[in-house]
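Visitor: Please model the entire structure based on the sequences and the hints provided.
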Amino acid sequence: MKKLSECSILIVDDTEINVDILVEALGDDYELAVAMDGESALEIIEMELPDLILLDIMMPGMSGYEVCEVLKKNPVTANIPIIFLTAMTDIVSKTKGFEAGAVDYITKPFEIMEVKARVQTHLFIKIAKNQLALQNELLEQRVLERTKQLCLTQEITIEALASLAEYRDPETGGHINRTKNYVKILSKKLSTYEKFKDILNEEMIQVFYNSAPLHDIGKIGIRDDILLKPGKLTKEEFEEMKKHTTIGYETLHIAALKLGENSFLRQAMDFARYHQEKWDGTGYPDGLAGDEIPIAGRVMAIADVYDALISKRIYKPSFTHKKAVEIINEGRGLHFDPIMVDAFGEVNEEFRQIAIKYADCAEELLTLNEV
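Going by numbering that gives the first Met the number 0, the sequence shown opens with residue 0, and the numbers climb by one from there.
Some hints here could point you the wrong way.
Claimed, not checked - Within a straight-line C-alpha distance of at most 30 Å, the following computed DSS-like cross-link-like pairs (lysine-lysine) qualify:
(1) Lys241 <-> Lys322
(2) Lys72 <-> Lys1
(3) Lys72 <-> Lys147
(4) Lys228 <-> Lys311
(5) Lys147 <-> Lys231
(6) Lys231 <-> Lys321
(7) Lys241 <-> Lys183
What the hints assert, rightly or not - Between beta-carbon pairs, the in silico distance windows are:
(8) Asn328 <-> Asp197: 23 to 29 Å
(9) Arg312 <-> Glu201: 33 to 39 Å
(10) Pro74 <-> Ala288: 29 to 35 Å
(11) Asp197 <-> Asp285: 32 to 38 Å
(12) Ile16 <-> Ala116: 37 to 43 Å
(13) Ile16 <-> Met112: 17 to 23 Å
Bear in mind the hints are in silico, worked out from the structure with no lab data behind them.
Where is the CB? At the ideal position from N, CA and C, for every residue including glycine.
Guide: This is the structure:
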């Protein structure tokens, strides 16, 4: 914290006797600089900022009012307290000074004790304001650091939970990284559409990106003989597999209740429960249709299907990017939200690049690079 004795004062007055009086009164307590006109004062201030300015109003060239207005328009000098020096005591002159940005008046002829008291008071205020601003800055920095730590913890927790599901199915190695990046790319494109621009802001897109890896968390509750079956599931087995959507939702719902209504898990719940719903109402678990399906579910439906198509499985080879795009286009208005399919059409090459970056095997790379 700056000490009072370390403060500097700029005296601006075109009358030498007034300057001499002020230097005599203040010279032992503060660092002083002197200017005899407004232009010189501005030059001095440009070289070194004073802590306070004693500014005469009536001077040749620039008046004190004009000097004050220049300083207050500049963000660098706007917060320097200015005390006007004047023989004018009428209310109009004082009002004009305060409107220009001055913090106080000292009338001529000077009363030394008054000069010292007013200068000291405003320097104390200046020091206190600077200290408060510094404390606020430090507090904001701590809050920012804490927020970053919480966000990192949240992301790591999500990745860890999602990996539990992934490790139970060794064929989906890069699925988490691919799908969360698909979701981010598609959501960004949708944010440029009138229908979604007010919903998919930057904050929500980041929440989508962070929460998307939990869409298959419910697979933890599916039996190994069903989850890892190399062939086609029976009708009964498929009904059991479908439960991964509700298992995931209920698991996240329990956690979300403890974190509150605005928890980031709110979107993760939507990803988990609704990513298998279809636009025409033939999906599961709730058979929702159209805009009844939460946006997270509709976005993940495209991301999930695209990834399933371009990925190698025990029961199928990986499809080419071109074939995957064709299949998604065929599902427009049936499986998928038509607007989202249109948006996918604009960014599908970015999907391909993500798939290449996080490909699980050489076969997938070869098919993704096919023309």
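Visitor: So, for every hint listed, does it hold in this structure?
Guide: Against the structure, the hints come out as follows:
1. Lys241 <-> Lys322: 26 Å, holds
2. Lys72 <-> Lys1: 25 Å, holds
3. Lys72 <-> Lys147: 36 Å, violated
4. Lys228 <-> Lys311: With Cα atoms ~15 Å apart, Lys228 and Lys311 stay inside 30 Å; holds.
5. Lys147 <-> Lys231: 45 Å, violated
6. Lys231 <-> Lys321: Answer holds: Lys231 to Lys321 is near 25 Å, not above 30 Å.
7. Lys241 <-> Lys183: Distance of about 25 Å is within 30 Å: holds.
8. Asn328 <-> Asp197: 23 to 29 Å: 27 Å, holds
9. Arg312 <-> Glu201: 33 to 39 Å: 35 Å, holds
10. Pro74 <-> Ala288: 29 to 35 Å: 55 Å, violated
11. Asp197 <-> Asp285: 32 to 38 Å: 25 Å, violated
12. Ile16 <-> Ala116: 37 to 43 Å: Check failed, 21 Å falls outside 37 to 43 Å.
13. Ile16 <-> Met112: 17 to 23 Å: Roughly 19 Å apart at Cβ, these two residues keep to the hinted range, so it holds.
When held up to the earlier numbered hints, the structure conflicts with 3, 5, 10, 11, 12 and fits the remainder.
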